[in-house]
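Peer 1: Chain residues, written in single-letter form:
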Amino acid sequence: ETGVTQTPRHLVMGMTNKKSLKCEQHLGHNAMYWYKQSAKKPLELMFVYSLEERVENNSVPSRFSPECPNSSHLFLHLHTLQPEDSALYLCASSQTESYNEQFFGPGTRLTVL
Amino acid sequence: SQQGEEDPQALSIQEGENATMNCSYKTSINNLQWYRQNSGRGLVHLILIRSNEREKHSGRLRVTLDTSKKSSSLLITASRAADTASYFCATVTGSARQLTFGSGTQLTVLP
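Just so you know, the sequences run in chain order Z and B.
Using the working numbering, the first residue of the first sequence is number 1, and each one after it goes up by one.
Using the working numbering, the first residue of the second sequence is number 1001, and each one after it goes up by one.
Derived from the structure by calculation, the hints contain no laboratory data.
All values derive from a computational prediction rather than experimental measurement.
Hints are not guaranteed to be accurate.
Sample of chain Z residues at the chain B side, in silico, Cβ under 8 Å [to be verified]:
{"hint": "1", "residue": "THR2"}
{"hint": "2", "residue": "PRO42"}
{"hint": "3", "residue": "LEU45"}
{"hint": "4", "residue": "GLU56"}
{"hint": "5", "residue": "LEU88"}
{"hint": "6", "residue": "TYR99"}
From the three backbone atoms N, C-alpha and C, an ideal C-beta is built for every residue, glycine too.
Between the sequences and the hints, there should be enough to build the whole structure, so can you do that?
Peer 2: Structure representation (structure tokens):
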């Protein structure tokens, strides 16, 4: 148990659906991250939030929309996804945006039909 | 672009043996980190080594860093079946301001 929780753990959605992934950290950290992990590919950083402000957006398609209402919660809103978006989506947090140790949640396994 | 490359991609050993995994990277780093991931789960931080350090230990883990060769190794001594997982190196560079992960080594420890 790393202190970072993610819901749901599994999600199956059609290409026309809208869904949201939720991440919550109980560690008092100020930075939160979304990563995408596809089969046989390295972990890809999607978004970085520091003190609730987005500081990094790694050329992620607009069908992925992050939201960070406070330093403990992070959402990833999904709409009109493609089958190639099927992956494990991991949330992480760290004390500051210092790129030292990051704490990861268990991930949401997303399948887009 | 990918910064860290782990080698080998897969490693299978008997319980009690040592496991060594290597990571090579391309550009100068601030620090290098190793993470473990059990199947379908999140990553767990194992150890961080800074660019001015050459070796660090944590329990049964030993990490070395050779900045001249742009490489690092992770040694797990006296392996256990519970060490079965994927192991990733991740680098932090001053300009990139992010953790860049390699593709990982899948370690299987047979009982």
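Peer 1: Which numbered hints turn out to be false for this structure?
Peer 2: The structure breaks none of the hints.
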